[in-house]
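Chains as they are written, first to last, in this note's numbering: chain A, 1 to 399; chain B, 400 to 480.
Hint data in this document are derived by calculation from the structure and do not stem from the laboratory. For each residue, glycine too, the CB sits at the ideal point set by N, CA and C. Incorrect hints may appear among the rest.
On the chain A side, residues computed to face chain B include the following (Cβ under 7 Å) [claimed, not checked]:
#1 R51
#2 K52
#3 P119
Pairwise CB distance ranges, derived in the manner of DEER restraints [stated by the list, open to error]:
#4 B:A444 - A:R368: 55 to 61 Å
#5 A:L46 - B:D405: 33 to 39 Å
#6 B:A478 - A:R137: 35 to 41 Å
#7 A:D42 - B:G455: 42 to 48 Å
#8 B:G455 - A:A192: 39 to 45 Å
#9 A:T253 - B:A407: 55 to 61 Å
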Amino acid sequence: MREVVVTGIGAVTPLGVGARTLHARWAAGEVAIQDGEAPCADFDPLAFFSRKEARRADRFTQLGLAAAGEAIEEAGWADGAPYDAHRIGCIVGTGVGGIDTLETNVGVLHDQGPGKVAPLAVPLMMSNAGAAAIAMRHDLRGPVFGIVSACAAGANAIATATRAIQCGDADAVVTGGAEAALTPLARAAFAALDAISTTGVSRPFDARRDGFVMGEGAGVLVLEDGEKARARGADILAVVRGVGATCDAHHLTAPRADGAGAAAAMTAALDDAGLTADAVSYVNAHGTSTQLNDRAETVAIKTAFGDHASHVPISSTKSAIGHLLGAAGAVEAIATILTLRERIVAPTLGLEEPEEGLDLDYVPGSSRGLDVPEGDPAIGLSNSLGFGGHNAVLVLEAV
Amino acid sequence: MSTDTDTARIEEVVYSALEEFGAEKADIKRDAGFEALDVDSLDLAELAQIVEDEFGVAIKSGDVEQLKTVGDVIDLIAARA
Chain A
1 MREVVVTGIG
11 AVTPLGVGAR
21 TLHARWAAGE
31 VAIQDGEAPC
41 ADFDPLAFFS
51 RKEARRADRF
61 TQLGLAAAGE
71 AIEEAGWADG
81 APYDAHRIGC
91 IVGTGVGGID
101 TLETNVGVLH
111 DQGPGKVAPL
121 AVPLMMSNAG
131 AAAIAMRHDL
141 RGPVFGIVSA
151 CAAGANAIAT
161 ATRAIQCGDA
171 DAVVTGGAEA
181 ALTPLARAAF
191 AALDAISTTG
201 VSRPFDARRD
211 GFVMGEGAGV
221 LVLEDGEKAR
231 ARGADILAVV
241 RGVGATCDAH
251 HLTAPRADGA
261 GAAAAMTAAL
271 DDAGLTADAV
281 SYVNAHGTST
291 QLNDRAETVA
301 IKTAFGDHAS
311 HVPISSTKSA
321 IGHLLGAAGA
331 VEAIATILTL
341 RERIVAPTLG
351 LEEPEEGLDL
361 DYVPGSSRGL
371 DVPEGDPAIG
381 LSNSLGFGGH
391 NAVLVLEAV
Chain B
400 MSTDTDTARI
410 EEVVYSALEE
420 FGAEKADIKR
430 DAGFEALDVD
440 SLDLAELAQI
450 VEDEFGVAIK
460 SGDVEQLKTV
470 GDVIDLIAAR
480 A
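Chain B on its own, in the form it takes in the complex (with noise of 0.2 Å):
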């Protein structure tokens, strides 16, 4: 489902919990860094279930590791959708 539509559908989702999560709208952009925006390991969970309600995508602990940025997020969604 890697169309440019789909994409700012996981864009629009992602970006919707952060803002839920206490981060700036202003400041939500692919290129944030999760430290940045004071962004943790519950938030990061909490993310995970709502995009494994959303596009059926799971996101493991062992992911999170790797998961820097908002397009990191953003990019792996896509990639397992």
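Isolated chain A (complex conformation) (with noise of 0.2 Å):
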């Protein structure tokens, strides 16, 4: 199969504009969290569009747009793609899509009739609708849809063009996830379920965890075939070495316990890299801050990683901006590129109390240098799993 690069990356994060601080201001303690959420505070939509472009897309398609722009530009396309538009293809997960643009047009339907609902509500509602302005703006005539896979979405949409760089359908894709849920609906969905931290705090791992804290952003990556991207000379950033994806089939929301499913995507991920955990230098975790999500994927490394679980550093990206649901996937794949190539593993924020049985190292207090064996590649896996039981894992190389 051919082999997939990654030759952009591109982020809008509660942390701020751009893939590099994100994971520098992570990496240097900073945690995004304001009154129990971490919103994307620093994004001026008519920074980077017009009020035409900005009012023809929802804000997730908005910070969708914004980090593909970055990626886009890091790739070297800014001036046009090398490659045929109809052989680039754009894949764009999300766990909700425009749920602003709903919920703003079921109040109008309720207050003021059906005659009044906006023409735009369905073309800035609809999950795919990323991926199409995305397109739109770009030119790319290639595969292009949305992935919906909750907060599994943004590994999925990655692994997915992948896949179809790596089966020929497409030469690159601009790839990742956007969400913008920090909506009175969501908000009160999410709590109903037990879902969100009540006090507030992101601490994967620590004893004290009560719920996850709601953020919002995008993260978008450019894939090529590595073959073409090193023929034209560009430079590349990773290598996607292994994708693994599977499902729990167990509960609408809480993860197996056992972690059978998680750990088999990891698994799976590592089979398709055609290496063995032990060559793992870091893993980036979905680590929630939820009482389930962290002691089963706890479970699911130990099982995937055997011995290994304990040596390699885990951390997890939410501890510091949040969860981005849909988006989070692609955003902490781009944070586990730029902690292999940067060499900085930066920690699990706020983790202060372990709990019995949550005993592996996940970086808690400050980064550390990620230390990778002589002469080996830095490899990182990242997981993502999600509501319905979904689990996608990526296994990233630096180059």
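Fit chain to chain and form the complex, with the hints in mind.
Structural data, given as structure tokens:
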């Protein structure tokens, strides 16, 4: 199969605009949570779009477009893509798509009647709007669609994009995830599920953890056929070595307590990469700060990694930016790539009180250097586990 | 209601909607074409809603084909109001 490389990354996160900003600020110990939520407070749509473009896009699409712009520029495509437009795809995950547009228009429907619902409601709220808007802006005419698998969507999108290139359906794919669900309905619904932290603190793997903190943002990567990217002299940031996806098929929201589904996804991704667990120098955990996830994920890592589980540093980006839902997998893939490239492991912030059984190296406190055996490539694994039992795992290698 | 005052009111509503849609204020004139203003079918669907609300005039999708300029819309509303 064809090698798939990463030539550009872009992110808009609660820590600011920019992929490097995310990793640098997280590594410095900054937490972007304010009053129990993590908004992208620095993001000004009009810095990126005309008024017309901005009003034609729900916030999740705006965040995705901004992240895509950064990734595409880094890939060197700013003046046009290097391949036939019909050979370039765009695959973007989201948990709930344009939920703000949906909620606004439901309000209009109730208060003013059906005749006042906006003609733009459907094109803005549809979950494929992010992929469609990025494709339109950058003239990407190959396979373009959305991916919907809750909090695994960003990782499932990258995995699907990887396969599209490996199988020869596309020469390049712009891929990732976008989410903007800091809305009254989403807040109330997650709270009703008892999934959101009532203390407003994201502290994955800590005994006091009491739920996730909702965030918003987007992460986008430019993936290319490695041979073609090298032939055009592109700077290569990373290689997508392996992808794995499974489903717990167990419960709508709760993970399997034995972590078997997540473990199987990690094993599948390692097999796909042709690697064993001991080749992995860093794990970016899903680490939501919920009681159930952090326990099940710990069991899953132990199952998949065996003895190496207690030797590999594991940290959760959600300790700094909360849970970006459908964007999380993409943003965290970017964080993983930067961890491997910079050789700096950012910590699981807020982790102070250990819990029995949660006994892996979650990198509490502050950043540390990434330890990679002499002569070996820097390999990282990123976990994404979503409501619905969706497990998606990426194995990435820094170049 | 085809008096000068009424036409001025129609013009005001249409111009303000087009500006809200993102067209440059200086470019919005009676003889400006929708293509040049980057006003497309989605904008015209929104405009139809506003016009129906303000003047009780329905602009149907069949009409949209015939509407090429800002003046075309203003004239259609004035004729039907």
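Each hint tested on the structure:
Hint status for A:R51: holds, given a least beta-carbon distance of 4 Å to chain B, under 7 Å. The interface hint given for A:K52 holds, since its Cβ lies 3 Å from the closest Cβ of chain B, which is under the 7 Å cut-off. With a least beta-carbon distance of about 4 Å to chain B, the hint placing A:P119 at the interface is held under the 7 Å criterion. As the Cβ distance of B:A444 to A:R368 is approximately 56 Å, the hint placing it in 55 to 61 Å holds.
As the Cβ distance of A:L46 to B:D405 is approximately 35 Å, the hint placing it in 33 to 39 Å holds. Restraint check, B:A478 to A:R137: a C-beta distance of roughly 39 Å satisfies the suggested window 35 to 41 Å. Remark: the range hint 42 to 48 Å for A:D42 to B:G455 is upheld by a beta-carbon distance near 45 Å. At about 43 Å, the beta-carbon gap between B:G455 and A:A192 stays in the expected band of 39 to 45 Å.
For A:T253 paired with B:A407, a C-beta distance near 59 Å keeps the hint of 55 to 61 Å intact.
In the structure shown, no violation is registered for any of the earlier numbered hints.
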